[in-house]
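Trainee: Single-letter residue listing:
There are 2 protein chains.
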Amino acid sequence: MKLANYFPILDWGPKYRGETFANDMVAAVIVTIMLIPQSLAYALLAGLPPQVGLYASILPLFAYAIFGSARQLAVGPVAILSLMTAAAAGKIAAQGSAEYIEAALILAFLSGLILLVMGLFRMGFLANFLSHPVVSAFITASGIIIAASQLKHILGIDAGGHNLFEIVYALGTKITETNLPTLYIGGAALIFLFWVRGQFKPLLKKLGLGDKAATIIARAGPVFAVVAGILAVAAMRLDQQGVKILGDVPKNLPEIGLPSFAPDIWMQLLGSAALISLIGFVESVSVGQTLAAKKRDRIDPNQELIGLGAASLTAGVSSGYPVTGGLARSAVNFDAGAETPAAGAFTAVGIALATIFLTPYLFYLPQAVLAATIIVAVLSLVNIPEVIKVWKYSKSDFAAMIATIFMTLAFGVELGVTTGVVLSLLLHLYNTSRPHFALVGQVPGTHHFRNVNRHAVVTSDCALTIRIDESLYFANARFLEDTVYCMLGNRPDMKHLVLMCPAVNRIDASGLESLEAINHRLKDAGVTLHLSEVKGPVMDRLKKTHFLDELTGQVFMHQYEAMQALDGECVASAFDPGVQTTNPEASPCPSKRLAGLDPAK
Amino acid sequence: MKLANYFPILDWGPKYRGETFANDMVAAVIVTIMLIPQSLAYALLAGLPPQVGLYASILPLFAYAIFGSARQLAVGPVAILSLMTAAAAGKIAAQGSAEYIEAALILAFLSGLILLVMGLFRMGFLANFLSHPVVSAFITASGIIIAASQLKHILGIDAGGHNLFEIVYALGTKITETNLPTLYIGGAALIFLFWVRGQFKPLLKKLGLGDKAATIIARAGPVFAVVAGILAVAAMRLDQQGVKILGDVPKNLPEIGLPSFAPDIWMQLLGSAALISLIGFVESVSVGQTLAAKKRDRIDPNQELIGLGAASLTAGVSSGYPVTGGLARSAVNFDAGAETPAAGAFTAVGIALATIFLTPYLFYLPQAVLAATIIVAVLSLVNIPEVIKVWKYSKSDFAAMIATIFMTLAFGVELGVTTGVVLSLLLHLYNTSRPHFALVGQVPGTHHFRNVNRHAVVTSDCALTIRIDESLYFANARFLEDTVYCMLGNRPDMKHLVLMCPAVNRIDASGLESLEAINHRLKDAGVTLHLSEVKGPVMDRLKKTHFLDELTGQVFMHQYEAMQALDGECVASAFDPGVQTTNPEASPCPSKRLAGLDPAK
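Chains A and B supply the protein sequences, listed in that same order.
Sequential numbering from 74 applies to the first sequence in the numbering used here.
Sequential numbering from 74 applies to the second sequence in the numbering used here.
Just so you know, not all the hints are guaranteed correct.
Treat identical chains as interchangeable: a pair holds within one or across any two.
Derived pair list, reagent style BS3-like, types lysine-lysine, alpha-carbon separation capped at 25 Å [stated by the list, open to error]:
(1) K596 with K617
(2) K274 with K247
(3) K368 with K88
(4) K324 with K285
(5) K278 with K367
(6) K616 with K468
(7) K596 with K368
(8) K616 with K88
(9) K247 with K278
(10) K568 with K285
(11) K465 with K616
(12) K278 with K596
(13) K617 with K368
(14) K247 with K367
(15) K368 with K285
(16) K274 with K285
(17) K279 with K465
(18) K468 with K617
(19) K247 with K596
(20) K568 with K368
(21) K367 with K568
(22) K317 with K368
Derived from the structure by calculation, the hints contain no laboratory data.
Using the sequences provided together with the hints, build the complete structure.
Mentor: In structure tokens, the structure reads:
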């Protein structure tokens, strides 16, 4: 419980040198240039005034520099949280109203508090319950929705909607109202930005630039688009022809103060704030881990909760909205050579200076150009190959993925991610509730025992072994009982049954109850029950009960020992499904997966 | 998909013989005598007029005789479902109103539909998610609440309440209003019934009766109490001294008709009906299985859903309320020699005759006697030793149990059982999200590998093996990554890492992602990753991916093979925590449970 555990700055601060400073400064300048259009664009996406995006990029970055553990993470507004903020605040008030802005502020404050509490109580593991496919599906679907929602700015029409279908419908019905000057500017920006993303870096490298420099300059594409857009509108006064511009952005620095406390509104926003916290945390930690791994470094997820919590809380008291670590921006920060979180603090200074001195020059910035930067950024989040990969690997994961995508597109981000999490948990529970059992035999010449249906193994008709491929808990305990009872009917020659437990990691009270019942029932039928390869932690628990006293057979350390001990009573014979000694009158067992136990077909 | 699968009567019906008929008739007469006071008492407990209890014991029994698969199960009103019906109907209307009776009818109808749908879609496995400790805790708590709620009838006071604390408080404040004649009758009945339960059977056996006959006559205790109660009240006209009596019970047979359809009320009752279905099903199946096991018979849980669904649906169209198989009654049916569900149909005829001819004689039946029969019956459901047993065995299960008991006592049956189910699922997920990992070594002289901390085993410093004691899925995939990365830092001599997978029953997409990341990271660090003892189904999945191509090491069939193959490069040495080759500077691993991986202390 060292202090530096909670203040990573105490760890890297004292070692700070001039060279580190120079590196951090260079990275900060580059990230600042990139962050200015981004913060304006994401504020637009969140339905907030442009300065809110700038404010969210000042003080929160200082807070993260003090409390954050990921060295190269660049914190600030991001696309997904902007979309989630718009959805949550939109439930409280209409976009553009003072209540809407206040709701975004409360969301940041609450989400900061939630992250801090989670961090202090070391609850980072909660994020593990957002499975990889669900997060990936959620981000893909959000990317699609965000891109679609920005098309109206490219077309210069007024077409909103709460889900993809509403957005597409509104675009379709209003497309005739397209403002051509807006479309020219927006379309040009889109084409330029896509070109920059794909072709600019190779071109720069051909022109002799190094890989790193080329990467960084290519990432600054949006800045060129912004400058060109401002010049075009100002020169031709396109704003008088219907091109929507950014207009006046206040030159003030953010006001400091707690958001207004209205218990009912806070309660209404609490669930949304929790989701924003979790999603922001998962996104940021995965970015942070990827970058840290490149430097053979590790980040502490629980400290990240505190760092991100401090950042969001600060956003909530300095006129901002929810922030987290962004992927593209952090990658630039990393490539530009940032070494410590101080780079973030320098970026904050840069944004503060921009807020004071640069905003007048942004007056003519066309919203269509900002929308184009958003579209190009979020389309890179859409990851269809991942969906195909998961489809091939696991149908359960794919089901959770498709449900998340569909629900996000059709009913919005909150219902989408909730559905994904709940469904993936339920599918996991369903899978473990119908475990795989295998009848096993000895692989000849080894001490190893494998599934009779997959390997050529030796078994005995009088001593059978079932390998249980799951922990025994309430959801599957009765399933084991049914299987054993069915086997009892189908294998009249059986004198010994060994339950082989290398995969049984836990036996809960319901599982114990079932084992006791099986032991009793087999005893009545003249069959001795044995266990083998029971793990230490499981055995410790069983020793606290009467089960081991009542067990009719033994507990063998190794399956091989079990077979040696029981072989005296049973003559081993090669397993041959053709000459089974099963009872052909018997009914099939409930576990279709339990090979070799069903009567001969 | 044979017809007899859905109509078990087609199975036993054609084999029906005179002898079976005689046995079923005897059992039916005995169960009828027992069921008359029970059905009146449980209707009283449910807040319904007495005849509703009788009606629920007529046609539903016919329905179960046709569709039920448990041969000796006696269906009808039971204590727990009566309590749940009172709680659910009480949310719709006040006890005694026509809407309240209608709500009970709708509950029976809906719960019948739910059970039928579950049965047709083979969803009996859902009941497995009610863990044994949760069901046991729920029944214990319900027994306590029911017993407490009946005390007012023994005291002859008007003291209600929605939870145990309200009930106890009301009893405390109103105890001065106790009606003494009621207390004398109720107290006498209680003492008599407790005596019957404990002492009557031994006495009967001493008088020369056989064990079975003694059991059955002892079970008829409530009938003696009822007769004595009626005679006492009628002789002394105690009803004029404040003793509440049953009064007029209509002599009609039940009216047939669908419950009135009001969508909003049906929606309000749907959740309660689902809970009633599940609890009734779990209770009944466990009774049915216990009795079937005594005859070496099995019941089909999915067919039971259909049988119980048909019974409840019939209750819902014949002026009844939710029914299920009862424990005490089924045991009597079994002991009395019932052989087929026809015994249930004969019981129904008996109750119908009683409704027509016997009800006038029940006019003076004191409610206090019915309350006494309920109290004695439900106190046998309270199972404190089970709570203690679970406490000793599993703290997780105990937590779910205590939460269920507390929530049921404090907030009622529905919140109680819901809390228990959700909590037991969450605790299970939490446990599997922090799996046990073990560093393993070879047990000398065998091919067997066990935990270095529990067994004297041989290990190598250059080829380490971690046994993963859990399926890899989203909730624990990152935990494995953290552990391996930490080990990488603490064990600089490591050249090979074997992940031993006999307990890995499933690897989902997130788990695959983590394995890929581990493989990459170890490769960068010059460590080769191997797998051993991967199960067939897991291997099949992995073969569909590129992981096996990218894996730097091999997949060994058996851990022994792995060590033989890697031994060429590594010199085996006895494991000794005192002379560890770990890096003492390294930080402790996140898994405190991963023995042998933390730096020397």
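Trainee: If a hint holds in the structure, say so; if it does not, say that too.
Mentor: Going through the hints against the structure:
no. : hint           : verdict
1   : K596 with K617 : within (22 Å within a copy, 44 Å between copies)
2   : K274 with K247 : neither (37 Å within a copy, 86 Å between copies)
3   : K368 with K88  : within (18 Å within a copy, 79 Å between copies)
4   : K324 with K285 : neither (34 Å within a copy, 94 Å between copies)
5   : K278 with K367 : within (23 Å within a copy, 83 Å between copies)
6   : K616 with K468 : between (40 Å within a copy, 15 Å between copies)
7   : K596 with K368 : between (61 Å within a copy, 15 Å between copies)
8   : K616 with K88  : neither (54 Å within a copy, 48 Å between copies)
9   : K247 with K278 : neither (43 Å within a copy, 91 Å between copies)
10  : K568 with K285 : neither (72 Å within a copy, 33 Å between copies)
11  : K465 with K616 : between (44 Å within a copy, 11 Å between copies)
12  : K278 with K596 : neither (79 Å within a copy, 30 Å between copies)
13  : K617 with K368 : neither (48 Å within a copy, 32 Å between copies)
14  : K247 with K367 : neither (48 Å within a copy, 74 Å between copies)
15  : K368 with K285 : within (16 Å within a copy, 79 Å between copies)
16  : K274 with K285 : within (10 Å within a copy, 92 Å between copies)
17  : K279 with K465 : neither (39 Å within a copy, 72 Å between copies)
18  : K468 with K617 : between (40 Å within a copy, 13 Å between copies)
19  : K247 with K596 : neither (77 Å within a copy, 55 Å between copies)
20  : K568 with K368 : between (60 Å within a copy, 21 Å between copies)
21  : K367 with K568 : between (59 Å within a copy, 21 Å between copies)
22  : K317 with K368 : neither (44 Å within a copy, 83 Å between copies)
In this structure, the earlier hints numbered 2, 4, 8, 9, 10, 12, 13, 14, 17, 19 and 22 are contradicted, and the remaining ones agree with it.
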